[in-house]
Each structure stands twice: as structure tokens, then as C-alpha cells.
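Read top to bottom, the protein sequences are chains A and B. Take 7 as the starting number for the first sequence in this note's numbering and just add one per residue. Take 84 as the starting number for the second sequence in this note's numbering and just add one per residue.
Just to be clear, a hint being listed does not mean it is correct.
Stated by the list, open to error - Pairwise CB distance ranges (calculated):
1) A/Ile304 - B/Gly101: 56 to 62 angstroms
2) A/Gly134 - B/Gly256: 49 to 55 angstroms
3) A/Gly263 - B/Thr228: 42 to 48 angstroms
4) B/Ser199 - A/Arg261: 40 to 46 angstroms
5) A/Tyr150 - B/Arg197: 57 to 63 angstroms
6) B/Gly101 - A/Arg131: 24 to 30 angstroms
7) A/Ile155 - B/Glu222: 28 to 34 angstroms
8) B/Gly256 - A/Phe146: 43 to 49 angstroms
9) A/Trp292 - B/Leu223: 48 to 54 angstroms
10) B/Asn177 - A/Phe319: 18 to 24 angstroms
11) B/Ser199 - A/Ala147: 38 to 44 angstroms
Hint data in this document are derived by calculation from the structure and do not stem from the laboratory. Every value quoted in this text rests on a predicted model; they were computed, and no experiment measured them. The beta carbon of each residue, even a glycine, is placed where N, CA and C say it ideally should be.
Below are the chains, spelled out letter by letter.
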Amino acid sequence: MRSYIASVSYYLKSPTLLFMFLVIVSIVIARIAGLTTLDTLILLMAFLGMAASLNIIMGFAGYVSFGHAVFLGIGGYTYVLLVYFFSPLNSLQHAAGGIGAFMVAIIAGLICAIVAASVGAAVLRLRGAFFAIATLGLNFAVLYIVKGIVPTLNPEQFFAAQVILPARALVHKSLIFNAMVITLTVILLTNYIIKKSRFGMGLIAIKEDEDAAEVLGVPTFKYKTLAFAVSAFFTGIIGALISLNGGGVDEAIFRVGHTIDMIVMIVIGGLGTALGPLVGGLIYYWLYDLLLVHYPGINLMILGVLVALIVLFAPEGVIGILRKYSIGKVKLKDVLE
Amino acid sequence: MANRNILSLENVTKRFGGLVAVNNVSFNVNEGEILGLIGPNGAGKTTLFNVITGVYKPEHGKVIFKDMDITGKPAHLITRLGIVKTHQIVRPFNEMTVLENAMIGALFGKRAGRISITEARKLAYEMVEFVGLVDKVDELASRLTIREKKLLELARALSAEPELLLLDEALAGLNPKEVSEALELIKRIKEEKELTIIIVEHVMHAVMNIAERIIVLDHGKKIAEGTPTEVANDPNVITAYLGDPKLALRFVKERRISQ
Numbered sequence: 007m008r009s010y011i012a013s014v015s016y017y018l019k020s021p022t023l024l025f026m027f028l029v030i031v032s033i034v035i036a037r038i039a040g041l042t043t044l045d046t047l048i049l050l051m052a053f054l055g056m057a058a059s060l061n062i063i064m065g066f067a068g069y070v071s072f073g074h075a076v077f078l079g080i081g082g083y084t085y086v087l088l089v090y091f092f093s094p095l096n097s098l099q100h101a102a103g104g105i106g107a108f109m110v111a112i113i114a115g116l117i118c119a120i121v122a123a124s125v126g127a128a129v130l131r132l133r134g135a136f137f138a139i140a141t142l143g144l145n146f147a148v149l150y151i152v153k154g155i156v157p158t159l160n161p162e163q164f165f166a167a168q169v170i171l172p173a174r175a176l177v178h179k180s181l182i183f184n185a186m187v188i189t190l191t192v193i194l195l196t197n198y199i200i201k202k203s204r205f206g207m208g209l210i211a212i213k214e215d216e217d218a219a220e221v222l223g224v225p226t227f228k229y230k231t232l233a234f235a236v237s238a239f240f241t242g243i244i245g246a247l248i249s250l251n252g253g254g255v256d257e258a259i260f261r262v263g264h265t266i267d268m269i270v271m272i273v274i275g276g277l278g279t280a281l282g283p284l285v286g287g288l289i290y291y292w293l294y295d296l297l298l299v300h301y302p303g304i305n306l307m308i309l310g311v312l313v314a315l316i317v318l319f320a321p322e323g324v325i326g327i328l329r330k331y332s333i334g335k336v337k338l339k340d341v342l343e
Numbered sequence: 084m085a086n087r088n089i090l091s092l093e094n095v096t097k098r099f100g101g102l103v104a105v106n107n108v109s110f111n112v113n114e115g116e117i118l119g120l121i122g123p124n125g126a127g128k129t130t131l132f133n134v135i136t137g138v139y140k141p142e143h144g145k146v147i148f149k150d151m152d153i154t155g156k157p158a159h160l161i162t163r164l165g166i167v168k169t170h171q172i173v174r175p176f177n178e179m180t181v182l183e184n185a186m187i188g189a190l191f192g193k194r195a196g197r198i199s200i201t202e203a204r205k206l207a208y209e210m211v212e213f214v215g216l217v218d219k220v221d222e223l224a225s226r227l228t229i230r231e232k233k234l235l236e237l238a239r240a241l242s243a244e245p246e247l248l249l250l251d252e253a254l255a256g257l258n259p260k261e262v263s264e265a266l267e268l269i270k271r272i273k274e275e276k277e278l279t280i281i282i283v284e285h286v287m288h289a290v291m292n293i294a295e296r297i298i299v300l301d302h303g304k305k306i307a308e309g310t311p312t313e314v315a316n317d318p319n320v321i322t323a324y325l326g327d328p329k330l331a332l333r334f335v336k337e338r339r340i341s342q
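Chain A with its partners taken away, still in its complex shape (with noise of 0.2 angstroms):
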């Protein structure tokens, strides 16, 4: 027993192995499933990379963006209007088995990166509600942006700010879902290598008390940005790929329901943990099926009172309340991040 407790946690110790088996698995699955199954796990991985994308601004720096979405958004309609616009890239979408395609959504992350590093030089200099309500009139400003836009692009053939991506524009499902996988493995690798780091270390001491925090050396500033940017990075990939994945974009995806998820995962998992976001989604996306089918009609206020409780009883998360405890002579907070 004892033993394999030891091996167990000497994987766990090495994530860096358990993601390359994730990968291949992955893999595998992707050669198998049905199409019905690779969309439900390419949504899940979305939620799931939300949240830890989320997580590294959220979690480790303690800023709550709660216009989260609008990454997604950004990263959504610049992957479909790039591919609509630009043909070199629609025939790159298809290169290399729709490897491509891949690289599109992440020029469409970058995009979101260099918005969220300039955007970030005014709205990080607020702090707690101001930062959270700053961030959400971000959202609603790209929003009505956007409505404004996207329709006098192509008065024709744009309804409203949807845009449908061109049949040629699609890749096969088996692609886009290994895109997420190694996406999402990534998002997770990167909370894990940034909570181990110097970085991770600062943007924690932020997350405490700022201004002790500078005053002990650490650029708070360059940190908080680099942090944003980062976060909003890999969310806007995820946007992309949710877009290709759907066929194309509408507004929807600025919804600021994809924020509360991403939030509620995050805090059920644990705050400020690598793997907390991956284990509060799993939950979160598991107690959000059950409650609809089996209490249609109330199950978003059964949800909204478990979460509730969750928050007042448990603040830690789950991997929070875990890494106290220890199995045998392993403590837990030596495997768990």
C-alpha cells in the first residue's frame, strides 16, 4: 500500500509526465469517439481552460476580472474574421492536417494578449470592486463594438454581429478536440510551472498586500500586467477554438454567464492553485448535468444554493481543504498544487 502511495505521488510529483499521458490519450480517444462525444469533451475542456486561464489573474494575483468573457469574444471573432477575410490564412487553416488552424487561434490569443497588456496599464491600477467592475464595462464596450462593426463589414451577409464561418473554413471535430486538449494541458502546465516560480511567488505576495509587496521588490505593475495578459492569452484561444468548433461566433459569447462559471469553477476547486480549476470544473460541470436531468426547471437554483454553500462553508476549495490532510506519511500539500 505504502509503496504505491509512494509511486502515485512520485507521477503526481512529475506533472509534467501525467500531461504527456493525458496527451496521448487523448489521442486515442480523438481516433474513437463518436462526434456527439468529441463535442461534449471539446465544451468541457473550454470550461475547464476558462477557469484555469482565469485562474492565473483570479487565482494567484487576486484580481477578479469579471469581464472575462470579453477575451473569449476577442479571441472568437478575430479567428472567424481572420479566416473570413483573409484567404492566405483559410488555406493555412488546412495546412499540415489542421495544425493551422491551430496557429490562427493562437495569433488570435496574441491579439488578446496585447489588448489585455494595454488595457491592463489603466484598469490594473484598480483595485478589489473597482478592477472587477472596470473589467465588465470592458466586456460590454468590445460588445456593442463589435455590434457595430462586424455588420457594416459585409452588410450582405452578416446578420446582426454573427458571423458564420465558410463550409471551406471547417476543420474535422478529431482536430479541433486535440487542439484542446493540448491547449487545456498547457493552461495547466503554466499555473503549475507560475505557482512553483519567482512569479508565482509575487503575484501571491500581490494577492496578500500589494503594497508591502512592492515595497519588498516585487514590480507589481510589470507583474499584474504579464499576469492579464497571459490569462487573457490562452482564454482568447479557447475563444477561437470554441468559435471553430460552433461554426462561427455571435454575441453570446460575451455573455457574462461564461465569467460566473469560470469564477464558481475556480473558487470550488480552490483559488490560487494550479489544480484546483481543473478539479472545481470536473465538479461543477458534473453537478450541472445531474441537477438537469434530474430536477429540470430548478436545477440552476438548487446549483446556485450548493454554490452558495460552498462558498460560505468551504472558502479553501477542494484542493484547498485537501492539502491540509495527509494519506499515510505523504502530506498531501507536497502533491497537491
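With chain A fixed as given, assemble chain B onto it according to the hints.
Frame of chain A; chain B shown alone:
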């Protein structure tokens, strides 16, 4: 080495709206000394510390550290250059352990970016040991007593490997026994770490006891500078700060006895 200036303030003025918190203050700090900075509440002591550490930018004047003009530089850069302060009201990172708190000091201090996590952990551990908190090393900072939190502030500041340490009321809130222990620690820091220390303090006999030189502020102005004996006998200081000349004489006597 003796009497080399490590820090010079030249005509520093800091205003908050109409209030002049620090008014045209100049002084030098010699390398390796303990300088006391005293004055009644609202005299501008903490503001002056905040100007030196870059938290506030002064309206006029210059702050020179080791022949370098550091006026208005961001606080985190000044920390890297070697000036670190402890807070009047302790501000540990509550959800971090004692060791992690000290590691922040080490990772972002003098060797910021050049020190590995392992080295930082080692250095932080040494400093926690140095201030005598080693049995609390894995405790969350929020669980410490006030005395322990003050020691943690010191350990965190020392982990940054400063050349100039600013102590803002490091003794406030401690009982007499703890005060004398803390004074011993400060002396030990100065000797073993070869630091220059500026100490702002309300516990009067403590400053008289430990400081080699004292500067007195009142309403943002420097009103006296000299050895503890000189300062305590200065008529300006007696009227502005101590109020009662007999009290002042008593402090001086206490100092003589303690030496």
C-alpha cells in the same frame, strides 16, 4: 569606511494637498551607524521613510543613496538597490508560511532575478533562524503573535540583503522585556550583518539607548541633530517634543546608567 555617507537627503519636501508633511529636510547617514529619527505624532517620520523607499515622490529635493540619485524611483527598484523598510503596522503575507514570507524578501531583494528558489529558501531559512523564529518556520503568518510578526517583518527585510535598513517603530506594542530583547537583536543585526540602520521610534529610552546619532523632526521640519545627550539637552527639542525638561534629563541619565 568611517563616516562615509551612505544616504543623503537634500532639501526634501513632501506635501499632501495643503499639508506639508516633510518640510525642507536635509541630513546625512553615515555608513554603519544607527541613526534615530524621533518626533511627536505627525512629525513626518513615516512620510520621510516613504520618500526614501520610493513609496512617495517628493515635490522638492533629492535622495542620494551611495552617490546615486534615487529620487522618485519606483519602490521595488529602491529595494533592489539595498534600502528595505519594515512597517509600523506589521504587514505579513498572512496566507503564506513564515518561510515563504521571508522567501519573498530573498527573491525580490538585492539579488532579484539572480537567486534561485532553492538559494532563496536557504537564505530565508537562515534569516528566520537569525531572528529566532525557527520553530515557527512552517506556520502560517496569520497565526503568529504580534511579537513574532514583528520578528517576521525583520526576517523578511533581512532576506532582501539590504545595506540600509529602515525600522519604523519596530518596538511599538511590545512589553518591556520584549523591547530589550528586540534591542539586542537590532544591535546584533547591525554588527553581524554590517548594516546601516535608521530607526523611527516612540519608545524614547530605546532610541536613546541604541542610536549613535539622533535627528528630531517636528511638523515636518528638522529641529535638531546630534548625539542623544546633545539632542536631549537641546531647548528646541525639549519644548517641541519632550515638553518636560526633567523628563529629558532622566532619559539621558538612563542612557548613562545603561552604558
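Output the numbers, in ascending order, of every earlier hint that fails for this structure.
Numbers 2, 5, 7 and 9, in rising order.
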